[in-house]
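Top to bottom, those sequences are chains A and B.
All letters in the first sequence, in the order written, are residues 9 to 431 by this note's numbering.
All letters in the second sequence, in the order written, are residues 446 to 755 by this note's numbering.
These are computed hints drawn from the structure, not numbers from a lab.
Remember, it's a predicted structure, so these values are computed and weren't measured experimentally.
Among the hints, erroneous ones may be present.
[As the list claims (entries may be wrong)] Quick list of the computed label-pair ranges, beta carbon to beta carbon:
hint: 1; chain 1: A; residue 1: Leu124; chain 2: B; residue 2: Ala479; range: 54 to 60 angstroms
hint: 2; chain 1: A; residue 1: Gly321; chain 2: B; residue 2: Ser632; range: 36 to 42 angstroms
hint: 3; chain 1: B; residue 1: Ala479; chain 2: A; residue 2: Ile51; range: 43 to 49 angstroms
hint: 4; chain 1: B; residue 1: Ile520; chain 2: A; residue 2: Val44; range: 49 to 55 angstroms
hint: 5; chain 1: A; residue 1: Pro224; chain 2: B; residue 2: Asn695; range: 33 to 39 angstroms
Note that the Cβ used here is the ideal one computed from N, Cα and C, for glycine as well.
One letter stands for each residue in the lines below.
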Amino acid sequence: MSGLFTSPRSLAKENQEGFVRQSGKRRRKAGFWLVVFHTALLIAILSLVAVIASIIDGAFGYVALRYEINPESLALNHVNYKDLDKNGLIDLLFLQAKAFAEDPNTGISQRRLDALAFDLAIQDRTQQDLIDLLETELLNPAIEKSWTLWTSLFDQKQIDDWLATQELGLVIEFRSWLNLDFLAGSQSPNLYDNGIRNSIFGSLLVVLLTFLISFPLGIGAAVYLEEFSNPRNWFSRLVQINIYNLAGIPSIIYGLIGLAVFVRSMDGLTHGRSILSASLTLSLLVLPMLIINSQEALRAVPKSTRDASFALGASVWQTVWHHVLPMAMDRIVTGTMIAVSRALGETAPLLVLGAASFLQDDLASVFSRFSALPIQIYQHISRPQAGYRNSAAAAIIVLLVLIFVLNASAILMRKRNKKARSD
Amino acid sequence: MRTVNIDPTEHHKLSRRLNLGEKTIKFFLFLCAAVSVFVTVGIVLVLVDQSLLFFGSEQVSLIEFFTGTTWEPQIGSFGIAPLLLATLLTCFIALALAVPLGVALAIYLSEYASSRAKNVLKPLLDLLSGIPTIVFAYFALSFVTPLLRSIFGIETVEIYNTASAGIVIGLLIIPMLTTLMEDAMSSLPADLKQTALSLGATRIETSLQILLPAAKAGILAAVSLGFSRAIGETMIVAVAAGAGSKLTLNPFEGAETMTGYMIRISGGDISYGTKDYSSLFAIALVLFVITTALNLLGRTILRRFKAVYK
Chain A
9 MSGLFTSPRS LAKENQEGFV RQSGKRRRKA GFWLVVFHTA LLIAILSLVA VIASIIDGAF
69 GYVALRYEIN PESLALNHVN YKDLDKNGLI DLLFLQAKAF AEDPNTGISQ RRLDALAFDL
129 AIQDRTQQDL IDLLETELLN PAIEKSWTLW TSLFDQKQID DWLATQELGL VIEFRSWLNL
189 DFLAGSQSPN LYDNGIRNSI FGSLLVVLLT FLISFPLGIG AAVYLEEFSN PRNWFSRLVQ
249 INIYNLAGIP SIIYGLIGLA VFVRSMDGLT HGRSILSASL TLSLLVLPML IINSQEALRA
309 VPKSTRDASF ALGASVWQTV WHHVLPMAMD RIVTGTMIAV SRALGETAPL LVLGAASFLQ
369 DDLASVFSRF SALPIQIYQH ISRPQAGYRN SAAAAIIVLL VLIFVLNASA ILMRKRNKKA
429 RSD
Chain B
446 MRTVNIDPTE HHKLSRRLNL GEKTIKFFLF LCAAVSVFVT VGIVLVLVDQ SLLFFGSEQV
506 SLIEFFTGTT WEPQIGSFGI APLLLATLLT CFIALALAVP LGVALAIYLS EYASSRAKNV
566 LKPLLDLLSG IPTIVFAYFA LSFVTPLLRS IFGIETVEIY NTASAGIVIG LLIIPMLTTL
626 MEDAMSSLPA DLKQTALSLG ATRIETSLQI LLPAAKAGIL AAVSLGFSRA IGETMIVAVA
686 AGAGSKLTLN PFEGAETMTG YMIRISGGDI SYGTKDYSSL FAIALVLFVI TTALNLLGRT
746 ILRRFKAVYK
């Protein structure tokens with residue numbers, strides 16, 4: 009009796025006793041493999057959970073801040089700045105400007121104040137805005153060390169031990185790295201008030217443009233392959249094999265092609281490392297997947313629809329335009345959105361193209377230089393200084409939410425269309 | 446079902462009626478389909494053209510490129526071996542993890558899971574495959590590497606190591622492998638399974654000794670495609686596998702892979718026409734040849750496999 013399997017023929021040779029013995033053995037074997045399968049399943053699910061947990065773990069937790077001046081001392085008539093009303097805050101601000109005039113090592117310079125007033129007049133700012141302004145301009149907090157959520161919640165001794173070895177003047181506070189200032193702020197060299205607004209807009213604009221470029225091309229190619237050409241024709245077969253191959257080429261190679269063709273050779277048209285170059289590159293990247301998805305959508309339209317149309321004397325294009333495409337459109341759009349949402353997370357091609365890693369200006373046009381969310385995440389992951397990895401985790405949450413929203417809306421749209429049709 | 450013109454002669458009659466507008470539209474659609482061919486031709490042309498520049502210079506010879514054992518562009522030493530070895534090392538770790546898990550999951554999904562379990566598990570796999578690789582890179586550095594270091598000791602495991610990158614690439618390709626393998630198993634004819642069961646084989650015996658060997662080609666194709674995906678994976682190795690090329694087989698040491706080198710060199714403003722710039726294209730050409738060969742192999746096996754059981 010060899011190995012795992014008792015063949016039916018050898019089974020027949022067994023006597024009754026042997027059969028009973030064998031069946032116990034076979035049952036145990038089955039039990040063993042079932043455990044193996046469940047373990048495999050468990051590993052897969054646990055790793056998905058671990059991915060999500062490690063992101064949340066990084067995005068929240070205690071930080072140690074060092075202020076340039078003691079927050080307690082920033083006060084007007086012994087009232088701490090946090091408790092002042094708006095007028096009190098403005099008075100405090102002008103007092104600090106006066107202090108700078110006497111001693112340039114303290115306070116805030118008049119020039120800086122004028123620059124801030126140029127953005128938005130001091131009088132027109134809200135109370136919270138003024139508090140933020142005082143904090144960033146005067147207290148200028150620097151992040152000395154950060155801890156993960158796990159450590160913050162269950163291992164506070166580690167934080168205390170570390171604090172004991174440090175000189176005084178550190179403030180420990182709980183920080184959600186994912187906060188409004190982070191989402192809406194622009195990039196800053198100081199991690200404490202660094203924001204990712206530019207990167208979010210950069211990513212969204214690149215993806216929108218990618219969608220606009222690749223959608224018509226993808227549908228066109230799919231319609232040609234499915235409706236106009238004979239699949240046994242050598243050209244269609246070549247294109248079909250080619251599309252599957254393109255889908256398997258590493259994305260970094262698309263980045264290099266984008267660099268050589270769109271950034272370098274077509275510099276005059278695309279203005280080099282611009283949003284347009286990035287979108288063109290990513291369009292090439294998503295095109296194969298988009299064509300495959302659209303072809304599947306077209307194939308799902310029943311042949312009887314086409315036959316009926318032809319029987320009434322419609323031409324191929326009339327059939328496609330009036331009957332096949334409307335029926336397949338919701339699937340095509342869903343497939344496209346899922347393909348394009350992949351582009352949102354693409355990092356390697358954008359890095360190779362030379363997306364800006366630091367950019368404070370807002371985007372002006374499709375020809376401007378840009379940054380993107382995955383680029384920010386990469387930059388922050390690879391920096392060893394305290395807090396950068398936490399900020400990367402917060403940016404990852406934003407990226408995942410954007411991808412999720414894009415996918416979910418694609419699926420919802422399809423469900424709604426399906427319902428509308430069946431009603 | 447694929448086209449309206451199953452019979453070419455019938456098509457002939459209809460196509461006579463194509464008017465000018467219809468012909469123009471057909472031509473435009475043809476161009477759309479041709480774009481994908483242009484892209485492939487473009488990729489090959491650009492890569493070969495720039496690589497010729499690289500190999501055309503005196504410092505680099507083709508022989509040195511493939512036989513040299515050090516990759517140090519600053520001293521003019523261009524042997525691809527360390528980069529290639531690091532790439533293969535991460536891929537083998539990835540496949541060693543992903544292939545057994547993928548096979549187990551595929552058998553479970555196609556033979557054991559109830560349709561309710563399938564309805565939960567398949568979207569979960571899709572979810573896993575929709576996560577950007579940069580997120581997996583973060584996971585490698587902030588979870589897997591510390592885990593490895595706490596298991597094997599901080600002295601043995603460097604902060605940047607190929608083991609961590611390989612494990613995470615393995616996780617990354619599990620959904621792809623499972624989907625392809627499950628597809629292969631469920632495309633087997635039903636009578637194969639029914640015959641085995643009716644002869645008295647148990648469910649596990651049917652799965653492991655009848656269905657699995659029958660789907661061998663499909664599984665091989667999945668491995669080939671997964672291998673290609675792992676070789677081209679970039680962000681995970683760029684973040685977790687370390688910078689600086691090194692000829693090593695120790696998975697706990699850092700070593701730069703082909704894609705990792707490409708990211709490090711091109712990050713920031715690379716100036717055109719330099720040695721660094723053209724070396725990118727030479728490596729990309731090697732990468733392109735390997736991944737395309739694996740893809741073609743996988744697709745061919747898959748097509749033959751499907752043809753056998755049609």
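Going down the list of hints, with the structure as the test:
| no. | hint | result |
| --- | --- | --- |
| 1 | A:Leu124 with B:Ala479: 54 to 60 angstroms | holds, 56 angstroms |
| 2 | A:Gly321 with B:Ser632: 36 to 42 angstroms | holds, 40 angstroms |
| 3 | B:Ala479 with A:Ile51: 43 to 49 angstroms | holds, 45 angstroms |
| 4 | B:Ile520 with A:Val44: 49 to 55 angstroms | holds, 51 angstroms |
| 5 | A:Pro224 with B:Asn695: 33 to 39 angstroms | violated, 51 angstroms |
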